[in-house]
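Chains as they are written, first to last, in this note's numbering: chain R, 1 to 586; chain A, 1 to 161.
If you are wondering where the hints come from, they were derived from the structure by calculation, not from laboratory data. Be aware that one or more of the hints could be misleading.
Said to hold, decoys possible - With a cut-off of at most 20 Å between alpha-carbon atoms, the simulated DMTMM-like pairs for lysine to aspartate or glutamate come out as follows:
| no. | chain 1 | residue 1 | chain 2 | residue 2 |
| --- | --- | --- | --- | --- |
| 1 | R | 456 | R | 517 |
| 2 | R | 566 | A | 69 |
| 3 | A | 92 | R | 565 |
| 4 | A | 92 | R | 567 |
| 5 | R | 107 | A | 50 |
| 6 | R | 116 | R | 147 |
| 7 | R | 239 | A | 69 |
| 8 | R | 477 | R | 362 |
Model, not experiment: these values are computed from the prediction.
Residues per chain are reported as follows:
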Amino acid sequence: MSRKSPFSNLSMRIMGEKSGTLTFARGRIVLVATLFLLFYVLIAGRLVDAILIEGYWRQHQEGSEQKKEAVLDDKSSGTLFGQDNEKAPRRADIVDRNGVLLATSLKTASLHADPKLILDAAETAKGLTHIFPDMTYGETLKKLQSDKRFVWIRRNLTPNEQKKILELGEPGLVFDYSYRRIYPQGSLSGHMVGYTDIDGKGLGGVERSFNKLLETSQDTLELTLDMRFQHVLRREVKKAMTDFNGIAGSGIIMDVRSGEVLAATSLPDFDPNGKIDDPSSSVMFNRNTSGVYELGSTFKIFTTAALLDRVHPSFNKRYDASSPIHEGNHIIHDYHPENRPLTIPEIFMVSSNIGTAHMAQDIGTEGLKKFFADLGLMSKPEFEIEEVGGPIIPRPWSNINTLTASYGHGIAVTPLQMVAAVSTVVNGGIKVKPILVRRTGESASQNSEKIQVVSKETSLKMRQLLRLVVASGTARKADVPGYMIGGKTGTAQKNVHGRYVADKRIAAFVGIFPVNDPQYAVFVMVDEPKPNKDSYGYATAGWVAVPATGRIISGIGPLIGMVPDKESEDISEPLRQFVSTSKGEH
Amino acid sequence: MKKFTIRLPSLLAFILAILLGSALFWVSQQVQQLERAKNNLIAEKTNEEEGIRVLNAEWDYLNRPDRLETLVSRHLRTLEQTKPEDLLYDAKAVPEPALEEDENPQPVMVSTETSSKATKPAKKKIIDTSPARPIEDKQSNGADEFNHVLDTITAGEKDEP
Numbered sequence: 001m002s003r004k005s006p007f008s009n010l011s012m013r014i015m016g017e018k019s020g021t022l023t024f025a026r027g028r029i030v031l032v033a034t035l036f037l038l039f040y041v042l043i044a045g046r047l048v049d050a051i052l053i054e055g056y057w058r059q060h061q062e063g064s065e066q067k068k069e070a071v072l073d074d075k076s077s078g079t080l081f082g083q084d085n086e087k088a089p090r091r092a093d094i095v096d097r098n099g100v101l102l103a104t105s106l107k108t109a110s111l112h113a114d115p116k117l118i119l120d121a122a123e124t125a126k127g128l129t130h131i132f133p134d135m136t137y138g139e140t141l142k143k144l145q146s147d148k149r150f151v152w153i154r155r156n157l158t159p160n161e162q163k164k165i166l167e168l169g170e171p172g173l174v175f176d177y178s179y180r181r182i183y184p185q186g187s188l189s190g191h192m193v194g195y196t197d198i199d200g201k202g203l204g205g206v207e208r209s210f211n212k213l214l215e216t217s218q219d220t221l222e223l224t225l226d227m228r229f230q231h232v233l234r235r236e237v238k239k240a241m242t243d244f245n246g247i248a249g250s251g252i253i254m255d256v257r258s259g260e261v262l263a264a265t266s267l268p269d270f271d272p273n274g275k276i277d278d279p280s281s282s283v284m285f286n287r288n289t290s291g292v293y294e295l296g297s298t299f300k301i302f303t304t305a306a307l308l309d310r311v312h313p314s315f316n317k318r319y320d321a322s323s324p325i326h327e328g329n330h331i332i333h334d335y336h337p338e339n340r341p342l343t344i345p346e347i348f349m350v351s352s353n354i355g356t357a358h359m360a361q362d363i364g365t366e367g368l369k370k371f372f373a374d375l376g377l378m379s380k381p382e383f384e385i386e387e388v389g390g391p392i393i394p395r396p397w398s399n400i401n402t403l404t405a406s407y408g409h410g411i412a413v414t415p416l417q418m419v420a421a422v423s424t425v426v427n428g429g430i431k432v433k434p435i436l437v438r439r440t441g442e443s444a445s446q447n448s449e450k451i452q453v454v455s456k457e458t459s460l461k462m463r464q465l466l467r468l469v470v471a472s473g474t475a476r477k478a479d480v481p482g483y484m485i486g487g488k489t490g491t492a493q494k495n496v497h498g499r500y501v502a503d504k505r506i507a508a509f510v511g512i513f514p515v516n517d518p519q520y521a522v523f524v525m526v527d528e529p530k531p532n533k534d535s536y537g538y539a540t541a542g543w544v545a546v547p548a549t550g551r552i553i554s555g556i557g558p559l560i561g562m563v564p565d566k567e568s569e570d571i572s573e574p575l576r577q578f579v580s581t582s583k584g585e586h
Numbered sequence: 001m002k003k004f005t006i007r008l009p010s011l012l013a014f015i016l017a018i019l020l021g022s023a024l025f026w027v028s029q030q031v032q033q034l035e036r037a038k039n040n041l042i043a044e045k046t047n048e049e050e051g052i053r054v055l056n057a058e059w060d061y062l063n064r065p066d067r068l069e070t071l072v073s074r075h076l077r078t079l080e081q082t083k084p085e086d087l088l089y090d091a092k093a094v095p096e097p098a099l100e101e102d103e104n105p106q107p108v109m110v111s112t113e114t115s116s117k118a119t120k121p122a123k124k125k126i127i128d129t130s131p132a133r134p135i136e137d138k139q140s141n142g143a144d145e146f147n148h149v150l151d152t153i154t155a156g157e158k159d160e161p
């Protein structure tokens with residue numbers, strides 16, 4: 001066999017006894033050379049792989065820049081690869097109890113420029129001002145000619161704007177993709193949901209109080225709100241406010257058993273999608289949780305409940321309302337004096353201040369204060385947003401304060417406290433803590449620590465009294481046949497700089513339905529309503545807040561499929577024997 | 001002279017090395033390709049998800065209650081807000097619509113014959129020849145039905161004077 005090695009051309013042949021060793025050595029050389037050859041082939045192969053094959057793919061992918069970016073984004077979010085050490089870029093969604101989006105984050109393009117790379121600043125500035133008519137040419141040109149390497153042009157572009165900018169073909173204009181907070185419900189989602197700044201930091205409502213959770217978790221945050229209820233509530237409060245030319249309005253619908261806030265509106269309100277110029281302006285103010293108001297006669301619910309629960313009088317007991325009460329410099333009188341001794345149902349029905357003040361005297365200052373405290377009216381309530389105000393309580397609390405507080409003067413609480421306290425009174429006496437974030441499963445049952453504030457019997461009696469007010473008292477305009485609504489009106493003069501002003505009022509109504517087995521409490525308040533033609537010169541709660549509540553209840557009843565039951569017995573019927581009047585208006 | 005021979009084991013080792021090398025190269029190419037495919041899929045998925053998020057937001061934006069209310073009041077004037085008295089426990093409680101005196105309590109039968117009088121006689125023939133048959137929810141029926149319609153149309157055209 002003739003061997004053809006690379007060395008075969010070498011003519012040198014050494015023969016002799018050493019030739020074996022030489023051949024062996026030559027074999028070694030061949031081996032080493034082969035190894036080197038293989039090594040170079042390997043390198044060549046790797047180069048082909050790196051330059052031709054991988055290079056081809058890389059070039060191929062460069063066309064779809066956005067895709068690559070999406071991949072990078074997905075990697076940095078870490079959810080796919082189980083690395084949660086990096087901050088999640090997308091803020092979690094907020095939905096209502098039916099899953100309707102209240103707040104979501106969508107990816108939008110923002111435009112910035114690198115002035116060093118701008119080819120023709122003047123032309124670009126012209127193009128940009130053409131796309132964004134609100135930008136001025138001079139200012140844009142100044143930005144584009146500055147010495148910096150990074151200037152913001154416009155954040156959160158629409159796709160259409162982005163397309164037009166791409167058509168400018170300017171290499172110095174760079175897009176940056178970021179998430180923008182969107183509130184699909186606009187101003188309807190309101191103060192409870194809140195708003196964020198341009199960097200997506202929560203500045204109000206749930207957005208603020210749950211900022212950390214929303215930033216780190218990808219789980220959707222479910223609120224107790226129901227946007228259908230919210231719409232009905234907002235529409236009707238707005239109508240009441242417009243009809244009576246009020247300066248502000250507020251409304252709450254609460255589930256009386258769980259304390260879930262189903263709807264809460266504070267008017268005037270704001271659109272969280274827009275630019276928030278002044279966080280301290282009146283539209284940003286959440287009247288339901290931050291606003292404290294003297295809510296007038298609605299407080300008689302608590303005074304009467306305290307009397308029934310702590311003193312246990314019979315309904316037949318009479319209090320003398322024949323003459324105003326003189327206490328120190330104060331005179332307590334009724335708006336529509338009956339000028340005679342009144343039974344408890346009569347006092348409640350005609351909303352007699354004198355009678356209620358006498359009741360408070362029976363309860364005693366300490367008793368009334370303790371009862372108010374049990375209902376959560378004496379301290380700042382716990383709630384899931386940060387804009388919560390505490391009540392204004394007379395300090396020191398003297399005897400006259402007991403008398404005035406019994407009918408809701410001299411003590412100011414937030415609407416949220418009011419509606420939670422009313423829920424407590426009517427739901428069988430179990431203390432209600434208002435909640436805004438929906439609990440499901442275990443956390444819901446864990447939270448059901450039950451504190452009995454008033455007895456079941458008192459609760460039932462209060463429901464009878466509340467029904468009496470709507471059936472034949474000051475709130476007849478709230479009645480919806482078959483729905484068995486109960487409630488109490490309250491018209492209070494506003495305290496402006498320490499003086500009560502006669503023509504500046506707060507008109508409030510708190511209603512519950514169905515009164516036989518209460519499910520919902522509805523609170524409506526209008527600030528400074530003015531009389532109109534249709535109300536015959538009245539701007540009291542009975543004309544302002546009561547009809548609005550009636551409309552709200554007849555609006556939400558069908559939504560929850562509540563069938564009116566016209567045959568059911570009116571629970572206020574048994575109280576009629578104690579009532580010998582049927583008038584009363586405020 | 002001792003011949004320089006490659007022994008079989010060395011040859012085998014050499015071939016094995018080449019084979020393994022190519023196999024490694026092939027696998028690494030495969031891995032890279034799959035990686036690329038995966039990244040593309042992730043990118044597509046992210047894009048799709050983002051698209052769904054946008055659509056969801058738009059859906060809820062377009063279904064704002066006040067917008068729906070405005071649209072209904074503008075376009076569906078007969079549609080009112082449900083009132084409490086519209087709800088009933090019992091379906092039988094819904095009143096029967098009152099009949100006119102000369103009205104036949106039987107449901108009105110709509111005949112295709114009467115309506116076809118106004119049309120061309122040729123079309124009447126089409127209707128007569130085509131047996132009334134329910135449209136079945138079968139995929140294979142689609143082509144048959146189409147052919148049938150085509151046939152009747154061409155037949156109708158022939159009959160035309």
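(message) If you test the structure against every hint from before, which numbers come out violated?
(response) Violated hints: 2, 8; rest satisfied.
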